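Q: Whenever a hint applies, use it, and build me the whole structure from the sequences.
Protein sequences, first through last, are from chains H and E.
The first sequence: position 344 = 344 (our numbering), numbered continuously.
The second sequence: position 126 = 126 (our numbering), numbered continuously.
In case anyone wonders, no lab produced these hints; they're calculated from the structure.
Computed from a prediction, not measured in an experiment: that's the story for all the values here.
Treat the hints loosely; a few may be bogus.
To be verified - Cut-off 27 Å, straight-line C-alpha distance, at most; resulting in silico cross-link-like pairs (DSS-like, lysine-lysine):
| no. | chain 1 | residue 1 | chain 2 | residue 2 |
| --- | --- | --- | --- | --- |
| 1 | H | Lys14 | H | Lys324 |
| 2 | E | Lys11 | H | Lys14 |
| 3 | H | Lys324 | E | Lys6 |
| 4 | E | Lys8 | H | Lys14 |
| 5 | E | Lys11 | H | Lys324 |
| 6 | H | Lys14 | E | Lys9 |
| 7 | H | Lys248 | H | Lys235 |
| 8 | H | Lys324 | E | Lys127 |
| 9 | H | Lys5 | E | Lys6 |
| 10 | E | Lys8 | H | Lys5 |
| 11 | E | Lys8 | H | Lys324 |
| 12 | H | Lys5 | E | Lys11 |
To be verified - So the derived list for chain H, only partly shown, Cβ under 8 Å to chain E, looks like this:
| no. | residue |
| --- | --- |
| 13 | Asn15 |
| 14 | Ala77 |
| 15 | Thr129 |
| 16 | Leu135 |
| 17 | Leu153 |
| 18 | Asn166 |
| 19 | Cys278 |
| 20 | Ala330 |
Said to hold, decoys possible - Derived, one-sided and incomplete: chain H residues facing chain E with beta-carbon distance under 8 Å:
| no. | residue |
| --- | --- |
| 21 | Gly104 |
| 22 | Ile105 |
| 23 | Phe285 |
| 24 | Thr310 |
For every residue, glycine included, the Cβ atom is placed at its ideal position computed from N, Cα and C.
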Amino acid sequence: MSAFKRFLFRVFRKNETEIHELNYLFWECTWRCNLSCRHCGSDCKSETRVADMPFADFLRAIEPLEHRYPRDTVIIAITGGEPLLREDLADCGRALRQHGFRWGIVTNGMLYDEQRHRELVAAGLSSVTVSLDGLEETHNWLRQHPQSFQRALRALRLIANEPRLNYDVVTCVHKRNLPELQRLKELLIANGIRYWRLFTIAPIGRAAGDSELMLSRSQVEEMLQFIADTRREGKINLTFSCEAYTGKYEEEVRDSYFFCRAGINIGSVLLNGDISACPNINRSFRQGNIYHDNLLDVWDNRFQIMRDRTWMRCGMCTSCKDYKQCLGGAMHLRPGEGEPILRCYNFR
Amino acid sequence: MFKYLKEKKQKLLRFLFGSFSFTALMFAFQACYGMPGNQMEAIIQGRVSDVETNEPVEGLMVVSEDVSFVDTTDHNGVFSDAEKRYLYDLQEFRFTVTDIDSTEHGQYETLDTMVYGSDLTQPLQFKVKKVSDAQ
Chain H
1 MSAFKRFLFR VFRKNETEIH ELNYLFWECT WRCNLSCRHC GSDCKSETRV
51 ADMPFADFLR AIEPLEHRYP RDTVIIAITG GEPLLREDLA DCGRALRQHG
101 FRWGIVTNGM LYDEQRHREL VAAGLSSVTV SLDGLEETHN WLRQHPQSFQ
151 RALRALRLIA NEPRLNYDVV TCVHKRNLPE LQRLKELLIA NGIRYWRLFT
201 IAPIGRAAGD SELMLSRSQV EEMLQFIADT RREGKINLTF SCEAYTGKYE
251 EEVRDSYFFC RAGINIGSVL LNGDISACPN INRSFRQGNI YHDNLLDVWD
301 NRFQIMRDRT WMRCGMCTSC KDYKQCLGGA MHLRPGEGEP ILRCYNFR
Chain E
1 MFKYLKEKKQ KLLRFLFGSF SFTALMFAFQ ACYGMPGNQM EAIIQGRVSD
51 VETNEPVEGL MVVSEDVSFV DTTDHNGVFS DAEKRYLYDL QEFRFTVTDI
101 DSTEHGQYET LDTMVYGSDL TQPLQFKVKK VSDAQ
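A: Quick look at the structure:
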């Protein structure tokens, strides 16, 4: 049955790749951030010389999507930097709703208080992800701010009690918080949190040279086993992020199989106007720029490098028997075209 | 012609995958560094009121076969079955509001309306038109 399901999944994935509907669009609206996390994938800074993207520029770029796709089928993921640093965030969100887009934010929660919560929900916010990277001491160490844990928890309590919102908590698992996962799970359950997602820290951005943050292979397996056990327990909906193919754990750590949808269903408009897929993908993979190109033209006619991934069969993937199921892993783990994958979590 | 047939085949395949429960979750995804995307969680609830007076209307049956919802409005015009639903299809959903208690609370025209998926995450507001007063 498992082999048949995997076969069906590959047919499904091929079909989705051919259709390649754009229904998840990141907007990197700012590089400003109020934290300086040790593991930041985008290497954001509290002070940046790069100005925020004017919302009017972004809205103009996505206008063709409004005519192509039915209302509510495209969600805009507003990210940064820290999107709550934009004072016009609610205005942006309200305008997105008026144009038929759903929208959500990925936030560290520092500025997410009750007033902001009400303002954003009233502007049609539909989905939020908050980062919580361990118990108080560990989270504050990683985020390098003594208040960051309490602020994130405050945000989560507000969000979890808001029936209109989709949400989840994400935890970047590293050497320090791995032994804390059980207690962190209990803390989340005690606070009414029902959706939790774990991912590991990619060796990119600021984390690239920090060995303290990277899990060993046996630690990754320990984390996957924790996810599988927690899912069987059923007290909280825990998943492993779709960041890597996990081999024998594929049916135990997620609701569906690994499928990197970068460039297939996921696109992005980056701060400088570049058009790409997920913002954490190497910037050399950019496919165009909203200031020179039509976003929909770029989506329709470029992105072949992400839709035909045969080039990813290099390095350790060359002789891997699971390649047809994994297709060379996640795009963000490729430093550039033709480059081998930075790491692999295939457990047999 | 070839392109047309190819698109038909792709859409048929998609329909077939969406029809089998063991693959439905494949449509619900989120980018690995993004927030939850396509799936939507909603408790369907709302209020039915008279289009002219804005007064709540009791005794109307609210039905949506698309989301398996049935409830009857109470004296505040409120309907809800308090069941949490996970919706993966973000298209429109049909709702009908039908008078089932004859003229006990007045006679109202049947309302047949479409609701956008994302609007299901907020209390619905339906307006109905009175045909005759209560007897």
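Q: Next step is simple, just say for each hint if it's right about the structure.
A: Here is what the structure says about each hint:
1. H/Lys14 x H/Lys324: holds (11 Å)
2. E/Lys11 x H/Lys14: Holds: E/Lys11 and H/Lys14 sit about 12 Å apart, inside 27 Å.
3. H/Lys324 x E/Lys6: holds (23 Å)
4. E/Lys8 x H/Lys14: holds (15 Å)
5. E/Lys11 x H/Lys324: Answer holds: E/Lys11 to H/Lys324 is near 23 Å, not above 27 Å.
6. H/Lys14 x E/Lys9: holds (12 Å)
7. H/Lys248 x H/Lys235: With a Cα-Cα distance of about 23 Å, the restraint between H/Lys248 and H/Lys235 holds, given a limit of 27 Å.
8. H/Lys324 x E/Lys127: It is violated: about 54 Å lies between the C-alpha atoms, which goes past 27 Å.
9. H/Lys5 x E/Lys6: holds (24 Å)
10. E/Lys8 x H/Lys5: holds (23 Å)
11. E/Lys8 x H/Lys324: holds (26 Å)
12. H/Lys5 x E/Lys11: Cα-Cα ~20 Å, so holds.
13. Asn15: Hint holds; H/Asn15 Cβ to chain E Cβ min 5 Å, cut 8 Å.
14. Ala77: Status holds, d = 4 Å.
15. Thr129: holds (4 Å)
16. Leu135: violated (23 Å)
17. Leu153: violated (18 Å)
18. Asn166: With Cβ-Cβ at 4 Å, under 8 Å, it holds.
19. Cys278: Holds - the Cβ of H/Cys278 comes within 8 Å of chain E, reaching about 5 Å at its closest.
20. Ala330: holds (7 Å)
21. Gly104: holds (4 Å)
22. Ile105: Where the cut-off is 8 Å and the nearest Cβ of chain E is about 7 Å from H/Ile105, the hint holds.
23. Phe285: Check failed: Cβ of H/Phe285 comes no nearer than 15 Å to chain E, outside 8 Å.
24. Thr310: Since the shortest Cβ distance to chain E is 21 Å, the answer is violated.
Violated hints for the displayed structure, listed by number in ascending order: 8, 16, 17, 23 and 24.
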